[in-house]
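There are 2 protein chains.
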Amino acid sequence: MTTHEVPPVSDLPSLDPDVDVAALRTLLDGRHREVRDLVRSNLAEHAGILEDAEVLDRAAYRERVRDVVVTMAGTGQTGMGFPAAYGGGGDLGASIAAFETLAYGDLSVLVKVGVQFGLFGGAILQLGTKHHHDAYLADLVAGRTMGCFAMTESGHGSNVQALGTVASYDVEAQEFVITTPDDASRKDYIGNAAAHAELAVVFAQLEVGGERHGVHAFVVPVRDGDRVLDGVRVEDDGPKMGLNGVDNGRLWFDGVRVPRTALLNQFAEVTPEGRYLSPIDNPNRRFFTMLGTLVQGRVCVGGAGINAAKVALTIAVRYADRRRQFEASATGEEQVLLDYGMHQRRLLPLLARTYALHAAQEVVAGQLHDVFSGPGPVEDGADEHARRMLESRAAGTKALGTWHATRTIQECREACGGAGYLSENRFAALKADTDVFTTFEGDNHVLLQLVAKGLLTDYAGAFEDMDQLGMARFVAGVAVDTVVERTSGHKLVQSVRDLLPGGDSWDQEAGLLDPNYQLAMLRFREEHMIAGVARRLKRGIDQGDDPGVVFSRVQDHVIAAARAHTERLVLEAFVAQVRAVTDDDLKATLGLLCDLHALSTIEADRAWFMEHGRLSSARSKAISREVGALCRRVRPLAVDLVDAFGVPDEVLRSPDLLGWTDAGPVR
Amino acid sequence: MTTHEVPPVSDLPSLDPDVDVAALRTLLDGRHREVRDLVRSNLAEHAGILEDAEVLDRAAYRERVRDVVVTMAGTGQTGMGFPAAYGGGGDLGASIAAFETLAYGDLSVLVKVGVQFGLFGGAILQLGTKHHHDAYLADLVAGRTMGCFAMTESGHGSNVQALGTVASYDVEAQEFVITTPDDASRKDYIGNAAAHAELAVVFAQLEVGGERHGVHAFVVPVRDGDRVLDGVRVEDDGPKMGLNGVDNGRLWFDGVRVPRTALLNQFAEVTPEGRYLSPIDNPNRRFFTMLGTLVQGRVCVGGAGINAAKVALTIAVRYADRRRQFEASATGEEQVLLDYGMHQRRLLPLLARTYALHAAQEVVAGQLHDVFSGPGPVEDGADEHARRMLESRAAGTKALGTWHATRTIQECREACGGAGYLSENRFAALKADTDVFTTFEGDNHVLLQLVAKGLLTDYAGAFEDMDQLGMARFVAGVAVDTVVERTSGHKLVQSVRDLLPGGDSWDQEAGLLDPNYQLAMLRFREEHMIAGVARRLKRGIDQGDDPGVVFSRVQDHVIAAARAHTERLVLEAFVAQVRAVTDDDLKATLGLLCDLHALSTIEADRAWFMEHGRLSSARSKAISREVGALCRRVRPLAVDLVDAFGVPDEVLRSPDLLGWTDAGPVR
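First to last, the protein sequences are chains F and V.
Reading the first sequence from the start, the letters are residues 1 to 667 in the numbering used here.
Reading the second sequence from the start, the letters are residues 1 to 667 in the numbering used here.
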C-alpha cells in the first residue's frame, strides 16, 4: 500500500464549544422527557434503598424492593406500556424511557419492574388475547398481582426451542397438564418465583393428542398469597452476585392442571375437542413470531445497561476533575487526574461511546414504539419485515449496550482507585447488579448470531426461520449461492466503490474527521465480513465437512460480522443525531463526541482495516494521534457532558469521591 | 511491504500429547510442592467458610475469617517467611507459594493473611531491627497479636511520599508524637484497622527539631483488646464490593505518643538527643529503599491473581466440557460448549496465558527469595541493582497478573451463563473479591510507570531515584540524550538486527511456531516503544513545553512500553520453562500452550506490529488462523490442563456446573 499524505492532527481550540447543560439534557431526554423526570423524582424519593441494600438481609431487602416497585407502580411510571383501559399509559416509547431511567437507581428495583411489567405483563399483553387482558392486566399493572416469566430451564438456557417442560391437552377435562419431566427441565433463575409470584407464564412443549406443536405459553397459578399451590415445587436460587433484591427461583410442575383458556392464544389455539389451530403454519416461524413479541425486553435491557454506564461515568469523571495525585509540574501542586493523558484515554472514549449508544438506543426504542403501536396484523408481510429488522437491531444494541456497561463500570471503578471499592461509592452494586445483563434476555453471543443470521438471509433475499442447526445447514442450501455471488469478486468491489463517495482510494485521502469517511470505513468492514462468512461457510460445506464443524470454525467470524453491523448502525444513529441538531454549540459538542467515538471505534479494530487494505500504517498511527487530540478537546467539557445525563444527586451517593457538602456534591 | 510466503496453519494431530495430570501438577507446584499441599488440605478443611461468607452478617464473617486465619497460622502455613527463631519457617519462597495457593479459597482469608503476615509482619521484619523482632515477631507469627499496616491516606493513595500524617520528635520526652493534621491525611482502607488490630505500623512524615526527613514507619498501639486507645479514632470503612471478611477502616491520631524506639530503624535512626542518622544519604533513595523491602506484597498479590484465575478456569472449562447447547450437527444431539470455536477462543488463550503467567510468577518469586535470603547489606551496589530489577519485575507481573484475573474471571462467568451468576458457583465472590487487586499494593497504571522509569534509567545507564515529577523532569536532563542516542536511527536498526537471528527480514519468513521468532517480535516491540517514549519526551522538552504536560501526553505510551517489557519477560519465562522440561509429553503440552500464548499475545497487538513494519497483512491473518488452529489442538487437553492446577474439589463448589454426585464432581 502506498503511504498517502496523512492529515495533521486537528487542533482547533477556538472552535471548542460551550456546553449548555440544560439544553443538552433536554436533547438527550428526547420526546419522553416528562416520564424521565417522573422517574428521576421517584428515584430521588426512594434513594434510601441503595443504602438499605447493604444492610438489610436478603429476605428484608426483597420485601423492600417489592414495596418500592408497588409504590412506583402507583405513580403510573411502570405501566406506561399497557393500554389505558387497564390503567396503563398507552405509550410504549414512554415505557422504554421510564425503564431506562430507572437504571440510575437500585437495579433490583429495575429488574423486578422488568420481570413484573415487561416479561410477565408483556407476555400476557402480547401473547394473550382479550380474555387474558381482562382477567389479569388491571391487577398486574397496579402491582396487586405479581407474576413471573417461566421460560429458562436449568438445562436449556439460550436454546428455548429445546425446552423440556410439557403441557399436554386432556381433552376429557379440557385442561392442560403441566409437567416437569426431569431436573434439566426445571425452570431456573426465574425472577419473582422464589417469593412473590402468584401467577407464572410457563413456556412448555404443547402436546395435543400425542402430537407436539412446539413451545407455547400458559398462565399457571403457583401461589395463593404465600402458600405454594399443590403440584408446584419452588426452590430459592440462593444468594447471587448481585440483584439480591429480586427473588429468583426454580419451579417444578407435577401434573398441574390449568383450564384450556390458560393457553395464551394470540398465535395458536387448541379447540375444546383438541384441534390445534394457528394462523402461522410454519412451526419455526410461529415460534420466532411468539418470541419476537418479547423484543421489548431486549430493548429495555440494552437501554438499562447504557444508563448504568452513565452513573459510573458521572462519578468517575467528576472525581477525576477534583482529585489531585502526584506533582506533575513545577508549581508543586499535585495534578488533577483528568489532566493526565492516560486518564483521559481511559474515560473519554467511553463517555463518547455512551453518547453514541444513547443515540442508537433512541432509534431502536422509537422503532419498537412504531412497530408495536402500528395497526397491521402479524401475518402482514411488511409488518413482519419491520419486526425482523427491529429484532435484529434490538439484539445487536442489547449486546453492545450491556458489554459497554460491564466495561465502563469496571474502568470507572479502577479510575476511582481504592475508594471505588467501597459500597457507598456505588460501583460495588453497579458492577454486581449489571453483570448478568450480558446474559439475560439472551446471551450476547447468541444474540449476535441471531443478528448474523438475519444479515445472511437478507443477503439471500429470503426470510428463513432457522435455529442454529438451520443456520449451519443453510450454507448447504441454495441461498448461500446468492450470498456468495452477490458478494464475491467483482460485485464486492463494486459494492465497496458504492460506499466510498470519492472513488476507490478516497478512504486514504479523506479527512479523518469527515463523517462520510468514518461511516464508509464501518460499512466496508461490515460488507466485507458478511461476505467472508458466507464464503467460508460455503467452502466448508463444499469440502464435505460436517455443518456443525464448519459452523464452529466460522463462529467467531459470524460474531464479528454481527458486531461490525451493529457498530455501523450505532455510528449512523449518532451521525444522524448530530446532523439534526440546529444549535451551533450543541452541534459542535456532539460532533466532537461523534468524532471521538468514530475514530476510537476504528482505532480499536485498526488491525483489521490494515489487514484489509483500508488503512496504511501511517494513517493508522494518525488515527491514534487524533483520538488523543480529541480527548484533550473533550476534556474541558467532560463534567458538563456527564451532568447532562441528569443522574439525580440523591442516587450518586459517593460522598468522598464527589466531595459532598451539606448543599450537595461539589460542582 | 512485500507479501512473503505465509506458512500454512499447523495441523499435526499426530503430535498431540497425552497429559499426565499428576506429573504436570508436580511441575507446576515446583520446589514448594509440600507447602502448597499443606495449604490445599487446610483450604479443604475450612471450605465451609465459602458458604458462611454468604449467610453470616459482616461482623460475624469477620470473626470467622479471623478464626480461620489464626487456625491456619497454627499449622505453620502463614509464617513460612519469618525466621525460625520466632516460630517461622525461614523460607521466603515457601511463604509466597503458600500465599498464592491460599487464593484458591476464600479471599478474605487470603487478604487478612496478607495484611497480618505480609504487610504488618513484613514491615516489622524488614523495616525493624532486633529490638522490634524480639518484641513482636513471635506473637504476630502465632496470630496472638494482630496488627495493621497504616500507609494509605484518603487524600494520598499511590503517592506515598505525599502522606500527611506527622511524627514529630519530642526530645524532652524522647517520644514521637503522631498526628493526623486533616481529613485528607486520615489513614484509609486499612485492613485489620476497623476491628482486630492492636498494633499499627504507621507511615508518617518524620520531623526532628523542625526539620522534615520524609516518610518513616512507627509501631503504634491502637487497641487494648477491643478498646481503642486514647488519641486514636477509628471508623469502619463500611460495606465493600468484596472482601467483607476483612475489617478495613480509617484511623486518626491526635497527638499519640510512642517511645523513640517505636521508629522501625533499619534504614534511619533518631538518637535520644534528636540527631537524625541514616546510612542512605539521599532522601529519595532512602524512601524507595524502604518501600522496596515491601516488594513481597506485590509478588504475593500478583500470584494470588493468577491463582484466582485458575479457579475460574477450572470451573468454566469443566462446565464447557459437559454442557450441551444447541444442535450443531445432524446427529440431533446438542453440542458440547467447548466444541464451539467461539467458546474455545474465549477460554483457551486465557488458559494458555495463565500457564505463561504462572511461569513468570515462579521466576519473580524465586528472585525474591534469592534477593531477600542473600546476605549483603542493603547499601551494597550489586544487591541494590538486583533489588531494583526485582521491584520492576514484581511491579510488572503484579499488574499483568491482576488484570488477567479480572479479565479471566469475567470471561469465565459469562461463559457459564446465568448459572455463573449464582453465588454457589464461586464467580460472585471471585469477581468481587479480586476486583481491588488491580488497585492495591499499588495501582496497576502507577506500577507500570515505575517499570517504565526503570527501563529509561537502565537505558541511561544510571540509577535515578525519581518520583513522577522527577520522571517528567528527567527528560530535560542529560540522561535522556543517552537514551535517544542509544535508540535512534542507526543504533536502533542495529539493535533490531541483533534481535532477529536470520537478518532483517527473517521475521517475515520464520515459522510462526518458532519461539525465537515469537520472542524477537516481543523484544522488538519493547525496544521500539522505549526508544519512542524517550524521543517523545525529549522532543516535548526541546520545544519548551511544561514537563507535566509533556508527561501527560506521553503517558499512555509510557504505560504501553512497560506492558510490552513485562509481556516479553513473561514469554521468556514460559519459553525457558518449556525448554527445561525433559519429558516428551509434558514438553509438547507446554509447548502447545506456549505457542498459543505467544501468538495470541502478538495477535492482540497485531495492529502495532503492522504499523511498525513487522507484520504483513497476510502474515497477520495467518497468525489469527494459527491461533484458531492451536485452540483446536489444545481443546482435547483442556480439562486435564485445569485439573493440573490442583484446585481442591471442596473449594470449587458449583454443584450444578460441575455435575457433582456424592463422589464429587463428574470428571
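Honestly, the hints are just simulated from the structure, not real lab data.
Wrong hints could be hidden among the right ones.
A pair holds if it fits inside one copy or across any two, identical chains being indistinguishable in the list.
[As the list claims (entries may be wrong)] Cut-off 20 angstroms, straight-line C-alpha distance, at most; resulting in silico cross-link-like pairs (SDA-like, lysine to any residue): (1) K621 - A604; (2) K621 - R553; (3) K587 - D546; (4) K621 - E603; (5) K587 - K621; (6) K130 - D52; (7) K130 - H528; (8) K621 - D556; (9) K538 - D236.
Small disclaimer: the values here were computed from a predicted structure and weren't measured.
These are the hints, each one checked on the structure:
1. K621 - A604: For K621 and A604, the Cα distance is within 20 angstroms both inside one copy (12 angstroms) and across copies (17 angstroms).
2. K621 - R553: between (32 angstroms within a copy, 15 angstroms between copies)
3. K587 - D546: Answer is neither; intra-copy 53 angstroms and inter-copy 33 angstroms both fail.
4. K621 - E603: both (9 angstroms within a copy, 18 angstroms between copies)
5. K587 - K621: neither (27 angstroms within a copy, 40 angstroms between copies)
6. K130 - D52: neither (40 angstroms within a copy, 49 angstroms between copies)
7. K130 - H528: neither (48 angstroms within a copy, 71 angstroms between copies)
8. K621 - D556: between (27 angstroms within a copy, 14 angstroms between copies)
9. K538 - D236: Classified as neither: same-chain Cα gap 47 angstroms, cross-chain 63 angstroms, threshold 20 angstroms.
Comparing the model with each earlier hint shows violations of hints 3, 5, 6, 7 and 9; every other hint is respected.
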